[in-house]
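For the protein sequence lines, the chains are U and F, in the order given. Each residue of the first sequence is one higher than the one before, starting from 31 at the first, in my numbering. Each residue of the second sequence is one higher than the one before, starting from 7 at the first, in my numbering.
Mixed in with the good hints there might be a few duds.
As the list claims (entries may be wrong) - Not everything, but these chain U residues come out facing chain F in the computed CB check (under 8 Å):
{"id": "1", "residue": "L38"}
{"id": "2", "residue": "P50"}
{"id": "3", "residue": "R51"}
{"id": "4", "residue": "L54"}
{"id": "5", "residue": "G70"}
{"id": "6", "residue": "A113"}
{"id": "7", "residue": "R138"}
{"id": "8", "residue": "A140"}
{"id": "9", "residue": "V177"}
None of these hints come from the bench; they were simulated from the model. Quick reminder that beta carbons are idealized off the backbone N, C-alpha and C, glycines included.
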Amino acid sequence: MSSDNKALYARISRRETHSPRSLLAIVLAVVLIVVFAWVGTEVVIALLGLPALLVAPSDMFTSALGLAEQPAAIVAAAGIVAAVIGLVLIILSLSPGRRARHVIDTERAATVVDNEVIASALARHASYAGNVDPDNTTVSVSHRRAVVDLTPTSGIPANRDDVTEAVTAQLDAYGLRPTVRARVQIAEKAKVGA
Amino acid sequence: MNSTNRAANRLLIFVCGLLLLVVGAAAAAAVLVPFVRDAWKDTSGQVTDQVAGWLEQTQLAGIGVSWLLIAVVALLVIAIVVLIVFISRQGRGHTGIALTDPTSEHGSTVIESSVAEHALKDALDAHSEFVGSHVSTYKVRRTPVLKVSVTCRRGVSPKDAAAIVESKLHALDELLGRELPALIQISGGFRARVTKTTRLQ
C-alpha cells in the first residue's frame, strides 16, 4: 500500500504546489465562445440575406485582406499589442506556475504548507530569540529563501547569531522541500519604546 | 487534487497565445515592412478571387448558398460545444464514497466520505491552533483521497499542525480499520491574519 501511495502522494504534492492555470484557460475559452458565437451568427444572418448585426462576413474578409491599406499607425499598434499578449500567454503556458507553498515530509499523508504559515512561525521564533517585539519582526519566505528582518528596541541589542540559529533550527525541524535557507538582517537603527 | 486536465489548459493557452502572436506580428509587419506590404497587396487580390471561386463552385443547387459557409457554421458550433465541455470539466473529481469493501457472503460495505469528513472536522475544531478546517474527498487515480485543509492561527509551527492532523488521521484509520490516503493543506490567509497570535506551546 505504501509504495502505491508514494506515487499518489508525489502526484498530489506536485499538483498542489503548481497552478492549474484554470482561471486563464476558462477566461480564454469564454472569449473564444463569444467570438465564435458572434461570427457564426453573422454568417447565418448573411446566408438568410438579413442585415448584419455588426459586420457582415464579407466585410470582415475584405477588411482583413485590405489590412495593408488601413492607417499604418493603428494597425501596427494593434498588431504589436496582440503579439505581446500572445507572447505573454505562451510564456504563461510554458512556465511552471509555482504556488507559494512548500511540501513537508510526513509519513501518513502528503502535506503542503503555505509560505505565509512558515513565515509567521519563523517570525515568532525569531522575535523570541532576538528579544525583539513580534511587531518589529518581518519574515518573507520564497521558494528557497527565508529573509528575517528585525528592528531591535533601542538599548537592547539583538544577537544575530542567536536569531540565525533559532530560525535555522526551526527550518531544519520542518523538513521543507525544497529546502529553505535563512538570512537574518538586523536593522542598524533601533526603535525607541518598540 | 481535482481531476482538471492541466495539459489541456496549458495547450489552450499556448494555442491562443501562438495565434495572437502570429496574427499580431503579421498585421504589424504588413504595414511596417515595405517588402511584406507589397507581397500582402499582391496576394490579397489573388486570395479574394480564389475564395470567390470556391464559393461559386460549392453552390448548393436550389438555395444558391455555398455549403462551405454552412460547414463553417457547423465547425463553429462544434468548437463552442467542445469549449463548453472543456470549461465544465474544470475542478471535478469530488467523490461521496470513501471505502467500498468487496462483497462477501454477508453482503457489501460502503463507507461514505462524509463519515471521515465529519469525524476529522469535529476532532480538528477542538484544537485552538486552528481557526478553521475543511475536509473533502477527491478521487485521484481511482483512489479516494481525503483532503484536510486547516487554517492556522498566526505563529503555529507547520510541523506541529501537521502532527496534530496526522494523529487525527491515525485515529480515523483505527476507526475505519483501513488507511485512507490523505493530503494535509496548511494555510494562513485572511482569517489567520485577523485572529489572535498563538500562545507559546
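Comparing the hints with the structure gives:
1. The criterion of a C-beta within 8 Å of any C-beta in chain F is met by L38 (chain U), whose closest approach is roughly 6 Å, and the hint holds.
2. The closest approach between the C-beta of P50 (chain U) and any C-beta of chain F is roughly 5 Å, which is under the 8 Å cut-off, so the hint is satisfied.
3. Because the beta carbon of R51 (chain U) sits about 5 Å from the nearest beta carbon in chain F, less than 8 Å, this interface hint is met.
4. Look at L54 (chain U): its Cβ gets to within about 6 Å of chain F, closer than 8 Å, so that hint holds up.
5. Annotation: interface hint on G70 (chain U) holds; nearest CB of chain F at approximately 4 Å, less than 8 Å.
6. At its closest, the beta carbon of A113 (chain U) sits 3 Å from a beta carbon of chain F; the interface hint therefore holds under the 8 Å criterion.
7. Interface restraint check: R138 (chain U) against chain F, minimum CB-CB distance 5 Å, threshold 8 Å, status holds.
8. For A140 (chain U), the suggested interface contact is upheld, since its CB lies about 5 Å from the closest CB of chain F, less than 8 Å.
9. At a threshold of 8 Å, the smallest CB-CB gap from V177 (chain U) to chain F is about 17 Å, leaving the interface hint violated.
Consistency note: the structure conflicts with earlier hint 9 alone.
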